[in-house]
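Colleague: Got chain A sorted already, so can you dock chain B onto it with the hints?
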Amino acid sequence: MGEPSDASLIAASIDRPVEFGAIFDRHASALRRYLVRRLGPAESDDVFGEVFRIAFERRSSYDLSRASARPWLYGIATNLVARHRRREARRIRAVARLAGTRVIVDDHAEAVSGELDARERWARLAEEVTSLPAAELDALVLHVWEGLSYEDVAVAVGVPVGTVRSRLNRARRRLRELEDPSGEQPTDHEHGDDPRRIDLRGSDR
Amino acid sequence: MSDDLDPIRRLRPDRIEPDDPEDPAVLSRAKEQLMSTIADAEQVTESLQTPDLYPRLAYRDELAAVEYLTRVFGFEEIREARLEFDGHHLCWLRIGSGMVMVGHQNADVHHIYSPLDAGLTTVMMMVYVHDIDAHHANAVQHGATITMELQDAFYGERRYEATDPEGHGWHFAERFADIVDRDGRPPADPDDREGGPDC
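If you read the sequences in order, they're chains A and B.
Just so we're aligned: the first sequence equals residues 4 to 208 in the numbering used here.
Just so we're aligned: the second sequence equals residues 416 to 614 in the numbering used here.
Hints are computed from structural coordinates only; laboratory data are not their basis.
Note that CB positions come from ideal geometry on N, CA and C, so glycine has one too.
Hints may contain errors.
[To be verified] Partial pick of chain B residues on the chain A-facing surface, computed with a CB cut under 10 Å: (1) Thr-452; (2) Phe-500; (3) Asp-523; (4) Ile-527; (5) Asp-596.
[Stated by the list, open to error] Example chain B residues on the side facing chain A (calculated, C-beta under 10 Å, incomplete): (6) Asp-421; (7) Pro-422; (8) Arg-424; (9) Arg-425; (10) Arg-427; (11) Asp-429; (12) Asp-438; (13) Leu-442; (14) Glu-495; (15) Glu-499; (16) His-503; (17) Gly-518; (18) Ala-522.
[Unchecked claim] Over the 12 Å line for every Cβ pair with chain A, so calculated as not near, a few chain B residues: (19) Gly-534; (20) Met-541; (21) Met-563; (22) Arg-608.
Chain A with its partners taken away, still in its complex shape (with noise of 0.2 Å):
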């Protein structure tokens, strides 16, 4: 016998609550990650406190078939998010101008003009994603920070699992207008030959 499932410790906490902290000791360090990157580590601590009491107010509508409790609490996560959408705003524009800061240019003669783009750019992802419906920054953030799989974030969301595809599809539509306006995909080893361009995409995969 391995350990109970989510499903069946949420299922005896019905009548035994004490169980339900198990739920906690096995998600929190998750959820608190989530929160952090999307609010800020302080700014995420009185929701991060709410994660976990609506969870167990609403244990008796926990669908049982699923075994792992994850999605359900993302999706309680994801709610309390959508209540600080200014909070998360001004996380991701502070993220973005930290990121514009870090980007080294090789070529010494480049580094001063390289730096300025880069910053213009990180900050105008940063206004992609914030002007994002919020619907599909949720599946966005679920599925690419947090590694949830179309299936497991429909669950988080509450939507099917068609609805979150076209969610993602729209989304990724606009990365790449903003990524290049003029339509035109650049390989990865043109962007590598310009020490200007800054390499969104990333190469530390």
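Modeller: Structure of chain B alone, referenced to chain A:
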């Protein structure tokens, strides 16, 4: 793999600035709060002694049902046990030593329906009450839908039946012996009693 989502991937805050070491105080404070909420709930659970068998009734409007059952049929809600989620409620109601659970109809998980949606009533709740005459008078006064008039049944009980606003069936009764004990209106003569062995 490179795709259109990379910009977002790169914008994940802890890839730009590694996370502060996780503050254990934040986690333990939240755990403490949760366990205190849980302890409160434990107390309610202990005070909520349910019979080993009790029905869960499904309604379209469960709060209206709770209001009706308490006002018209004399139930008492165990208010501190009420749970709320997704805009719906679960309520526990007591009458005598009996109990019912009242909730929103739930097609996805529990597969239970209001008779309004099922199209018919399939179960009748059998309830013994103290002073069936007063109970009946109160129900009539509050406009209950009486489906069987108050009568003395051949098997030794005074009874009446009613349906609630969404069609769940209710049968209220008091044993003749209990009626005699409280000096109530005496039961009808055996020849005048209602029903037969097939009722």
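Colleague: Can Asp-523/B be said to touch chain A, with a Cβ gap under 10 Å?
Modeller: Cβ of Asp-523/B sits 8 Å from chain A, so the hint holds.
Colleague: Against chain A, with CB atoms and a cut of 10 Å, does the hint on Arg-425/B hold up?
Modeller: Since the shortest Cβ distance to chain A is 5 Å, the answer is holds.
Colleague: Asp-596/B was flagged as interface toward chain A. Is the shortest Cβ-Cβ separation under 10 Å?
Modeller: violated, 37 Å
Colleague: Holds or violated: Glu-499/B as interface residue toward chain A, Cβ cutoff 10 Å?
Modeller: Holds, because the Cβ-Cβ distance from Glu-499/B to chain A comes to roughly 7 Å (cut-off 10 Å).
Colleague: With chain A as the partner, please determine if Asp-438/B meets the hint condition of a C-beta pair closer than 10 Å.
Modeller: holds, 8 Å
Colleague: Could you check if Leu-442/B really has its C-beta closer than 10 Å to a C-beta on chain A?
Modeller: holds, 6 Å
Colleague: At a threshold of 10 Å, is the proposed contact between Arg-427/B and chain A supported by beta-carbon distances?
Modeller: holds, 5 Å
Colleague: So is Met-541/B really clear of chain A, every C-beta pair being over 12 Å apart?
Modeller: Non-interface label stands for Met-541/B: nearest chain A Cβ at 25 Å, farther than 12 Å.
Colleague: For Met-563/B, is the shortest beta carbon distance to chain A beyond 12 Å?
Modeller: The claim holds: Met-563/B sits with its nearest Cβ about 35 Å from chain A, beyond 12 Å.
Colleague: Against chain A, does Gly-534/B keep a CB gap of more than 12 Å to every residue?
Modeller: holds, 26 Å
Colleague: Let's test the interface hint: is any C-beta of chain A closer than 10 Å to that of Phe-500/B?
Modeller: holds, 4 Å
Colleague: Given a cut of 10 Å on the nearest C-beta pair, is the interface hint for Thr-452/B held or broken against chain A?
Modeller: With Cβ-Cβ at 5 Å, under 10 Å, it holds.
Hints 4, 5, 14, 18 from the earlier list are contradicted by this structure; the remaining hints agree with it.
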